[in-house]
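My request is simple: use the sequences and hints to build the entire structure.
For the sequence shown, this note's numbering begins at 10 and goes up steadily by one.
Mixed in with the good hints, there may be bad ones.
Said to hold, decoys possible - Keeping only pairs whose Cα atoms sit at most 25 angstroms apart, straight-line, the calculated DSS-like set for lysine-lysine is:
id: 1; residue 1: LYS113; residue 2: LYS198
id: 2; residue 1: LYS113; residue 2: LYS205
id: 3; residue 1: LYS145; residue 2: LYS235
Hints are computed from structural coordinates only; laboratory data are not their basis.
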Amino acid sequence: MSSRRPAWVEAPNPVVTTAKGVVIGLILLIMIYPLAYVILNSFASPEATTTAGLIPSEWSFSAYSTIFKGGIVQRSLIVSILVTLVGTALSLAVTATLAYALTKTRQVPGMRLALYLVLLTMLFSAGIIPNYLVVKAFGLLDSYWSLIIPVLASAFNVVVMRNFFMQLPRELFEAARMDGAGELHIFIKIVLPLSKAVLAVIGLFYAVSYWNSFFNAMLYLNDSSKWPIQLVLNSYVLQGSAMSSMNNTDMYNLPSSQSVQMAVVVMATVPILIVYPFLQKYFTKGVLTGAIKG
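Here is the structure:
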């Protein structure tokens, strides 16, 4: 078998290839250096943070031990984890059931109108004040549900999952119906097991959104003891607020140390970075397959 390059394929230019490698290397350096700086200096001692470069001159776990002794950082991490887990599970359930229902636009009257209404939300939004008034009317202020219910389903994710469902073999559904299976049985036993890729990708999208929940928490949560990690990160690291002033209860007062601030940044960032590599293999199959067919 010949391994010669086809005539229409141009030979790679060494200069262009080298230039691409240099550009990609610079981009990686620009992206990785700040993250590496924050992670490494979160292990620096309080005395070494004032003069620390990329690698601290003196290592210490005091910043993390201070955080995990208790207080608002530890509580906010628990809040963020619970909101992310519960919100992601509920969002996946709502998105999957809605997406499967919207595949019945030809069989169920009015379903096409429902699809258009879902698409309409991608173009127009109610705005901050109407959303706040709705959340207040339902009594969700100062409740963890205010971080979940208003963003329970994303129209984009619904459309992607619907398109994925539309590409599943129709023969499987017809065979199941001939055997007496109902729509709920088909959805649970056939559709969901065949859709693990898109479920993993959409689940990661929702998890990242819930974990990074900041603006909704700032609007709807007045009790600082219920703040998620991102809101604590903003108040403590960016605004320089003391931890004791961020809570009405007697919380552990974290020292205003740069290493502690970086440790808080690491705790707010690393969990999502750890989860992402395990789901990366589903991205091409899940998102691209669901986004190709309309």
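Exercise. Compare the distance between the alpha carbons of LYS113 and LYS205 with 25 angstroms, and conclude whether the hinted pair is satisfied.
Key: holds (21 angstroms)
Quiz item: Going straight from one Cα to the other, do LYS145 and LYS235 come out at no more than 25 angstroms?
Solution: Holds, because 17 angstroms separates the two Cα atoms, which is no more than 25 angstroms.
Quiz prompt | Agreement of LYS113 and LYS198 with the hint, judged by alpha carbon distance not exceeding 25 angstroms | solution = holds (18 angstroms)
Of the numbered hints listed earlier, not one is contradicted by the structure.
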